[in-house]
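*Asks:* Please model the entire structure based on the sequences and the hints provided.
Top line first, the protein sequences correspond to chains A and B. Read in our numbering, the first sequence has 74 at position 74, and its numbers run on one by one without any break. One gets our numbering by counting positions in the second sequence from 1 and adding 140 to each.
The hints are simulated quantities; they were obtained by calculation from the structure and are not laboratory data. Built from N, CA and C at the ideal position, the CB exists for glycine as well. Incorrect hints may have been included.
What the hints assert, rightly or not - Examples of chain B residues lying across from chain A (beta carbon under 8 angstroms, computed): (1) 272; (2) 273; (3) 274; (4) 275; (5) 276; (6) 278; (7) 280; (8) 288; (9) 289; (10) 292; (11) 293; (12) 338; (13) 340; (14) 389.
Said to hold, decoys possible - Covered stretches of chain A, going by a simulated chain B footprint (3 or more residues, C-beta under 8 angstroms): (15) 5-16; (16) 70-76; (17) 94-108.
Said to hold, decoys possible - Every beta carbon over 12 angstroms from chain B, so not counted as near; a handful from chain A, in silico: (18) 37; (19) 54; (20) 59; (21) 126; (22) 135.
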Amino acid sequence: MPDYTGPLPVPTPESRPFWEAARRHELVLPRCRACARLHYYPRAACPFCLSGDLEWQRVSGRGSLHTFTVVHRGARGFPLGPPYVLAVVELAEGPRLMTNLVGVEPDPARIRMGMPVEVTFADVTPEVSLPRFRPVEAAR
Amino acid sequence: VRDFRRLRGRVAIVGAGESDEMGKLPNKSAFALHAEGARNALANAGLRKDDVDAVFSAGLWMGSETAEYLGIRPRYVDGTQIGGCSFIAHVQHAMAAIEAGVCEVALITHGESGASRIGMPGTRFGADSTRLQFEAPFGLAGPPTGYALAAARHMHEFGTTSEQLAEVAVATRKWAQLNPRAAMRDPLTVEEVLASRMISWPLHLLDCCLVTDAGGAVVVTSAERARDLPRRPVYVLGTGEASTHVMVSQMPDFARWEAARLSGERAFAMAGVTHADVDVAMFYDAFTIVPIMGLEALGFCKEGEGGAFVAGQRTAPGGDFPMNTNGGGLSYTHTGMYGMFTLVEAVRQLRGECGPRQVAGARVAVCHGLGGMFSAAATLVASTEVP
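*Replies:* What follows is the structure, given as structure tokens:
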């Protein structure tokens with residue numbers, strides 16, 4: 001595996017299970033046992049009711065493209081581009097997350113708001129896998 | 141809870157000024173720019189350093205650092221940092237503190253070596269911060285990429301066009317041509333904005349603000365004390381501030397600026413003026429999409445109609461909605477935290493000091509600031525008269 005030059009996440013205690021699951025190619029989110037809501041990014045307190053009674057729930061990895069930008073002048077040395085697609089995906093279960101849209105030309109004319117997407121994990125180092133998303137059509 | 145509207149007109153901005161120089165200044169540190177702004181604003185107010193008993197400024201450092209540099213030992217310090225609109229929020233905080241009797245003369249300063257990065261305190265986030273864990277690995281590369289996410293969603297939901305975004309840049313440039321202190325004064329057309337390099341679709345280079353070195357400051361005191369000072373007081377009629385998130389990925393609604401709606405609602409309710417009463421508006425313009433979403437959030441037009449509102453050069457000199465008469469962050473100066481300059485220009489317009497760019501008979505001004513990634517907002521309604 002070539003050396004990855006992009007920024008890598010360094011977990012905190014409350015986010016470590018998220019990144020460990022990503023390494024197994026599973027998308028997991030904290031779910032509040034008190035109010036039953038999922039949230040993202042992972043916190044030690046539910047942002048809806050402040051309860052600390054949380055559990056991890058595996059989610060479908062499916063969702064829709066909520067918004068995106070095609071980055072032409074991006075982070076220096078960022079391996080996906082430029083240009084690359086920075087996106088916000090709304091998961092089928094509700095929460096939104098920042099990600100990259102891959103498996104499609106980085107051209108606004110080829111990308112549709114609301115298009116169905118699914119998670120695909122990129123093993124960027126032996127320790128870190130990043131949850132990226134691709135159009136559902138592209139997987140077929 | 142006591143009615144906040146009773147604070148209308150109780151304090152005033154009595155002095156305002158920029159740094160001696162603005163632009164690219166590798167010979168000056170961020171704090172030198174604070175000092176120049178402070179010196180000029182105090183002179184403008186007819187006050188001395190020793191009159192100041194409260195210091196407000198925003199940076200990624202201790203709030204008292206500016207006071208130390210300026211040699212002031214304040215009894216009230218406020219380092220509230222909610223992004224570029226912090227200084228507008230500071231006016232509200234100063235009002236509260238002055239009214240409560242905790243202090244009397246508040247100096248609000250800004251200085252930033254945004255371009256040259258001289259003497260700038262550390263701004264690096266830890267590798268395990270939420271930003272670096274949940275945004276940076278996907279290539280969020282500074283403000284343009286974040287604002288593009290909102291612009292794209294606004295265009296999708298409301299049909300806002302790149303031409304409408306460009307109208308903002310063009311109108312603002314026309315004001316800059318009337319301001320000798322503005323950095324960018326060449327004529328500009330909508331076609332030139334659209335032909336400029338794409339930074340992060342849908343934002344072109346000329347949809348983005350400048351990056352400069354500059355400083356500025358304002359002085360706030362009680363209405364009673366203001367009446368004894370040499371210049372016409374600019375009374376604080378209404379204020380508001382709100383914060384909904386920090387990281388752009390946490391923005392509750394990418395097509396609507398919720399913090400601005402909350403902040404504006406409060407400022408107008410306190411001021412007791414209507415939108416039709418506003419003669420001149422300073423809308424933070426880090427990117428062309430920002431004033432468009434701000435106009436909607438503050439109710440100057442309906443949701444989704446901000447693009448149509450700015451079309452036809454309505455905000456330019458001679459238009460019926462004079463906005464960013466200094467040339468804005470797009471063409472005059474943008475250090476990183478632009479909000480201070482909305483205050484300085486509003487004071488000058490209301491005092492009638494703006495020369496060729498003066499809005500005739502300007503009586504009521506609105507300053508509306510942005511913080512973070514549509515994360516926070518602060519709004520000020522000001523006038524030389526208290527209704």
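*Asks:* Of the numbered hints stated earlier in the document, which are not met by this structure?
*Replies:* none
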